[in-house]
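Colleague: In case you want the letters, here they are:
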Amino acid sequence: MDLAYTPEQQAFRAEVRAWMDAHVPKEPLVTLECREGYDQHVAWERTLASGNWGMVTWPEAYGGRGLDLIQWLIFEEEYFRAGGPNRANQNGIFLLGPTIMEFGTEEQKARFLPPMARGEVIWAQAWSEPGAGSDMAAIQSKAVRDGDHYVITGQKTWSSRAAFADWGFGIFRTDPDSKRHKGLTFILFDLNSPGITRRPIRQLHGDTGFAELFFDEVRVPVENCLAGEGEGWNVAMATAGFERGLMLRSPGRFQATAKRLVELYRAHEAEASPAAREAVLQAWMQTQTYAYNTYAVASKIMAGGKIGAEASLNKIFWSELDRMMHRTAMQILGAHAELKRFGNGKINQWLEGYIFSLSGPIYAGSNEVQRNIIAERLLGLPRVGAG
Amino acid sequence: MDFRFSDDQLTLTESVREYLAGTHGPEVLRRLDEQGNRDPAIWQGLVEMGLTGLLVPEEHGGLGLGLVEAALIAAECGRACLAEPLVDTAFVAVPWLVRRGELGDLAAIAAGERQVPLPHVLNPWVADGTGQPIQSVDPLRNLVMFPAAGSSDPYLLDLGALMSAAQLVGLADAMLHQAVEYAKIRTQFGQPVGAFQALKHQLASCAVAIEFAKPAVWRAAQALQDGGDSASVHVSHAKVAAGDAALLTAETAIQVHGAMGYTYEVDLHFWMKRSWALNGAWGDRAWHLKRIDQAVIGGALPIGPEHTFA
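As you go down the protein sequences, you meet chains A and B in turn.
First residue of the first sequence? That's 1 in our numbering, and the numbers climb one at a time after it.
First residue of the second sequence? That's 1 in our numbering, and the numbers climb one at a time after it.
Chain A with its partners taken away, still in its complex shape (with noise of 0.2 Å):
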């Protein structure tokens, strides 16, 4: 165990540091769940990669940098410090392009990942149906074989970023004749695609985030297929395992939200509650140990080892704490937290937050799943409805 970074690596923080305060914007921009709001994070997408920094650890032939683990977690470390803005690309960058990198053939790593780390093409996941949420193996989306095409008929839900993007990539039912987790194929789409209806949804907070595709004789290209026919299931699964095990919520993000509530309470501390005061302390503790946790993943993976199960831990722990800190911020604000926007006019960012950290204990799969995850796959007890 080392806990010290290298001069090499307190160098990249510099070089970080140093261009993400001559670049981040100095105003939050609109929320990324419209039109507006969308567009600035695009246009930050491409201000990044003009920096080169689309996606640090990729190789440089996909518009990466090269960079370990290690150094991706000083990056985000200095993005969310200097505030950079939520990743318009997400879907991309930190799902469909490691699960590409792992499976995809060359040709598709030399297609996929460059627009990607450019933020030239942006990404919608569609995971979810009607009647699949978190029971996954139910999906009924079939992607026919016609020559060299797929045909994909069915409809997809709670399609993150699909209102927008440009792109989507899910799991679809390519052998009719299959149940449950077998014959599903991982098929990359785009959703300008004759036949895609886009159906915005209106979220919670009101705005759009996601959206429902409704898929009528889609025709896809088979070399869109990623890995081989009826290998869907488990290239779902890895793309899974990174958005619960380490990509998708560093803990960059958790930490920065820790200093700002630490920094609520100090400005509110008067009138604060004694529980308030515990639960900042505990946000402390816990973004730090999400940190380390993360460190310890960072460096197993960097000697050979893999992501299992255990990533459910993790999707619990930071999802759990997203909304303990957001709703300590509100029960801080107090009459205050209902407000969109302050007196001031600053828009409440804690109420923005703290709706949106609902949706973490229940996207990614929801944390009740993950808990049958964990209770059945690291300790061992048995299957639902098992005799």
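Read the hints as simulated data drawn from the structure, not as lab findings.
Note that CB positions come from ideal geometry on N, CA and C, so glycine has one too.
Please note: incorrect hints may appear among the correct ones.
[What the hints assert, rightly or not] Taking beta-carbon pairs under 8 Å as the criterion, some of the chain B residues facing chain A (in silico): (1) V208; (2) E211; (3) H237.
[To be verified] Using C-beta positions, here's what the derived DEER-type ranges look like: (4) R38/B x Y5/A: 43 to 49 Å; (5) K300/A x A310/B: 21 to 27 Å; (6) W287/B x G345/A: 39 to 45 Å; (7) D284/B x P28/A: 38 to 44 Å; (8) A300/B x L339/A: 31 to 37 Å; (9) Q140/A x S6/B: 48 to 54 Å.
[Stated by the list, open to error] Non-contacting residues of chain B with respect to chain A, defined by C-beta distances greater than 12 Å in every case (computed): (10) P26; (11) L32; (12) G64; (13) R100; (14) G112; (15) Q135; (16) P139; (17) S151; (18) Q255; (19) K273; (20) D284.
Add chain B to chain A, keeping to what the hints say.
Modeller: Structure of chain B alone, referenced to chain A:
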């Protein structure tokens, strides 16, 4: 930057775990409970493993290892609910004596001939010392009132708190394991009770709490070993997180055992009572939270994404 244990550290930990699993099972705790609490043969086994000299410098007959190794072994002592005063003497007293330059007893400690219980002002009593006996809820914890006021050295307190935290994560691991094993074999309504989500989800929450207490303990051990200004805050963090994880797991484990958990017959109570004892020892939860408060809200410690290892 590398947040992993070395192969040597993992091998050592594994060997201690296997040794204790083989020689210090629940049946040993029951025997000790009935026959005087301590057994020279168990102590001699620990001495022969080199554990009494783990932190004793090599020139005094020890292994000369550091606090990270000691914390890893302390966690194994917690897992086994070890009753012998190994942690207090070898992992708390020894580094404190070394720091103070009091090297006279080290060879005897390494050889297992001397045990050094150390009182601190926050602990009015000590385990395995000489003085007026008092009774702990933990039947295997030999407490005595210490006649004189203890030390007020914060380094001694940090060592005691760190090693308590390490034992607490090991205790928590063991209690979770016991609850899981019971839930697999106890059947009701025609199936193992562990198949019910009501139990699964509670046990999974314990696994989360333990998983995210451990890194705080390892980080605190490294911080105290390195001797930085902020080491005390990290020790307090470790103590609070490990204590919370252990108490949550204790309460969940007894619930999973149902009425059996409320009996003296089921093993769980040894681990649960040790957890209660260590949770309050070497600075209780409120004391450690206050120290974190002074650093975090008080502003002495830099916080934020760029200060993970401050």
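Colleague: It remains to establish, for every hint, whether it holds in the given structure.
Modeller: Now the hints, each set against the structure:
1. The criterion of a C-beta within 8 Å of any C-beta in chain A is met by V208/B, whose closest approach is roughly 5 Å, and the hint holds.
2. At its closest, the beta carbon of E211/B sits 5 Å from a beta carbon of chain A; the interface hint therefore holds under the 8 Å criterion.
3. Interface restraint check for H237/B: the shortest CB-CB distance to chain A comes to about 5 Å, inside 8 Å, so the restraint holds.
4. For R38/B paired with Y5/A, a C-beta distance near 46 Å keeps the hint of 43 to 49 Å intact.
5. A hinted range of 21 to 27 Å holds for the C-beta pair K300/A and A310/B, which are about 23 Å apart.
6. About 43 Å separates the C-beta atoms of W287/B and G345/A, a value consistent with the hinted range of 39 to 45 Å.
7. A beta carbon spacing of about 42 Å between D284/B and P28/A agrees with the range 38 to 44 Å that was offered as a hint.
8. For the pair A300/B and L339/A, the supplied restraint of 31 to 37 Å holds, since their beta-carbon distance comes to about 33 Å.
9. Between Q140/A and S6/B the C-beta distance comes to about 50 Å, which sits within the given range of 48 to 54 Å.
10. Chain A leaves P26/B outside its interface by the beta-carbon criterion, the shortest separation being 20 Å against a cut-off of 12 Å.
11. Remark: the non-interface label on L32/B is consistent with the geometry, its nearest Cβ contact in chain A lying 29 Å away (cut-off 12 Å).
12. In this structure G64/B is separated from chain A by more than 12 Å, as the shortest Cβ-Cβ distance comes to about 17 Å.
13. The claim that R100/B is not at the interface with chain A holds, since no C-beta of that chain comes within 12 Å of its own (minimum 26 Å).
14. Every CB of chain A is more than 12 Å from the CB of G112/B (nearest about 28 Å), matching its label as outside the interface.
15. The claim that Q135/B is not at the interface with chain A holds, since no C-beta of that chain comes within 12 Å of its own (minimum 32 Å).
16. With 12 Å as the threshold on Cβ separation, the claim that P139/B sits away from chain A holds: the shortest Cβ distance comes to roughly 29 Å.
17. A cut-off of 12 Å between C-beta atoms confirms that S151/B is not in contact with chain A; the least separation is 27 Å.
18. No Cβ of chain A approaches the Cβ of Q255/B within 12 Å, the least distance being about 15 Å, so the stated non-interface status holds.
19. In this structure K273/B is separated from chain A by more than 12 Å, as the shortest Cβ-Cβ distance comes to about 24 Å.
20. Every CB of chain A lies more than 12 Å from the CB of D284/B, the least distance being 14 Å, so the non-interface label holds.
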